[in-house]
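**Q** Sequence:
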Amino acid sequence: MNQVYTKLQNCYECVRKQTDFVPKVAIVLGSGLGDYAEQIRVETEIPYAGIEGFPVSTVPGHAGKFIFGYLDEIPVVCMKGRVHYYEGYDVTDVVLPTRLMKLLGAKILFLTNAAGGVNTSFHAGDLMLIRDHISVFAPNPLIGANIDELGLRFPDMSHVYDKDLQQIIRETAKENDIYLQEGIYTQLTGPSFESPAEIRMLRTLGCDAVGMSTVVEAIAANHMGMRICGISCISNLAAGMTDQPLNHEEVQEAADMAAPRFKKLVTESVKRFV
Numbered sequence: 003m004n005q006v007y008t009k010l011q012n013c014y015e016c017v018r019k020q021t022d023f024v025p026k027v028a029i030v031l032g033s034g035l036g037d038y039a040e041q042i043r044v045e046t047e048i049p050y051a052g053i054e055g056f057p058v059s060t061v062p063g064h065a066g067k068f069i070f071g072y073l074d075e076i077p078v079v080c081m082k083g084r085v086h087y088y089e090g091y092d093v094t095d096v097v098l099p100t101r102l103m104k105l106l107g108a109k110i111l112f113l114t115n116a117a118g119g120v121n122t123s124f125h126a127g128d129l130m131l132i133r134d135h136i137s138v139f140a141p142n143p144l145i146g147a148n149i150d151e152l153g154l155r156f157p158d159m160s161h162v163y164d165k166d167l168q169q170i171i172r173e174t175a176k177e178n179d180i181y182l183q184e185g186i187y188t189q190l191t192g193p194s195f196e197s198p199a200e201i202r203m204l205r206t207l208g209c210d211a212v213g214m215s216t217v218v219e220a221i222a223a224n225h226m227g228m229r230i231c232g233i234s235c236i237s238n239l240a241a242g243m244t245d246q247p248l249n250h251e252e253v254q255e256a257a258d259m260a261a262p263r264f265k266k267l268v269t270e271s272v273k274r275f276v
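Using this note's numbering, you'd call the opening residue of the sequence shown number 3 and step up by one each time.
Since the hints were derived computationally from the structure, they do not count as laboratory data.
Please note that the accuracy of each hint is not assured.
What the hints assert, rightly or not - Calculated pairs, EDC-like style, for lysine to aspartate or glutamate (alpha carbon to alpha carbon, straight line, at most 16 Å):
1) K265 x E40
2) K67 x E54
3) K26 x E75
4) K19 x E47
5) K273 x D74
6) K265 x D37
7) K273 x E177
8) K19 x E54
9) K9 x E54
10) K109 x D166
11) K265 x D74
As the list claims (entries may be wrong) - Label pairs and their calculated CB-CB ranges:
12) N4 x R43: 18 to 26 Å
13) L105 x K165: 21 to 29 Å
14) R172 x G146: 35 to 43 Å
15) T60 x Y181: 20 to 28 Å
All values reported here derive from a predicted model rather than from experimental measurement.
Ideal Cβ positions, reconstructed from N, Cα and C, are used throughout, including at glycine.
Build the full structure now, drawing on both the sequences and the hints.
**A** Here it is in structure tokens:
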């Protein structure tokens, strides 16, 4: 049997020994949503370290646990702290949590992240609806023998981000007076921030925001037939756009400032998904 699938099944069985909770919506909490569990009527929490073989986040500020509970009456599972490719994990480990949430029952994946603004009209603190993505240098998580139990060998990527979910997010933002940018998100490997030349390249390619996550997760979720949507918090303007050096503390600070709007948009949107 495929080793990647065997590991996934083992993680699934480990979680099922700890909870029989069945989520409908999976939410990946990026920077700025670290205390999002306050919005949830929590049923149970499972630390990643309590799942045998599960990759553990090493990024400061990422708690590293699954939170199972309810937003109103909607059953959700949240990833509080994601795993990144730059931490040294194989890309199949990076997307293992996404695949696991689907096996646990989630039909919808709501991806969030902190990102650098590449579009010159963006400002730190903006929220951006992800309409599509570009992957640069990050390996495709579907490379290798296809896991037929999960999806097709050659999945279509024409509409990764669900148009109906996008419209719900737009309407929710408007009704709650939350300014919402829209654009194309690009994932690079990290952990270094991009150079000014790389940012010019990305802008030429049509990129609006750049980060170190999300795209590989979206590819894996799309392969499994999940409905996907995503929002980026523009935590800083990318390299070369200002004279300010980039650092992780600045990213976290800007994400924290945007957190109240970010939380409200995610919560009110999810309530309308199901």
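**Q** So, for every hint listed, does it hold in this structure?
**A** Hints and how they fare:
1. This hinted pair checks out: K265 and E40 have alpha carbons roughly 10 Å apart, not beyond 16 Å.
2. Simply put, K67 and E54 have alpha-carbon atoms about 13 Å apart, close enough for the 16 Å limit, and the pair holds.
3. Of the pairs offered as hints, the one joining K26 and E75 holds, with about 11 Å between alpha carbons and a cut-off of 16 Å not exceeded.
4. Taking the CA atoms of K19 and E47, the gap is about 13 Å. The hint holds against a cut of 16 Å.
5. Taking the CA atoms of K273 and D74, the gap is about 7 Å. The hint holds against a cut of 16 Å.
6. Of the supplied pair hints, the one linking K265 and D37 holds, its CA atoms being roughly 9 Å apart against a limit of 16 Å.
7. Straight-line distance between C-alpha atoms of K273 and E177 comes to about 14 Å, which keeps the hinted pair within the 16 Å bound.
8. Of the supplied pair hints, the one linking K19 and E54 holds, its CA atoms being roughly 12 Å apart against a limit of 16 Å.
9. Of the pairs offered as hints, the one joining K9 and E54 holds, with about 9 Å between alpha carbons and a cut-off of 16 Å not exceeded.
10. With a C-alpha separation of about 14 Å, the suggested pair K109 and D166 falls inside the 16 Å cut-off, and the hint holds.
11. At roughly 14 Å between alpha-carbon atoms, K265 and D74 fall within 16 Å of each other, so this suggested pair holds.
12. For N4 and R43, the Cβ-Cβ distance of about 37 Å falls outside the hinted range of 18 to 26 Å, so the restraint is violated.
13. About 25 Å separates the C-beta atoms of L105 and K165, a value consistent with the hinted range of 21 to 29 Å.
14. About 37 Å separates the C-beta atoms of R172 and G146, a value consistent with the hinted range of 35 to 43 Å.
15. Between T60 and Y181 the CB atoms are about 34 Å apart, so this pair departs from the stated range of 20 to 28 Å.
In summary, the numbered hints that this structure violates are 12, 15.
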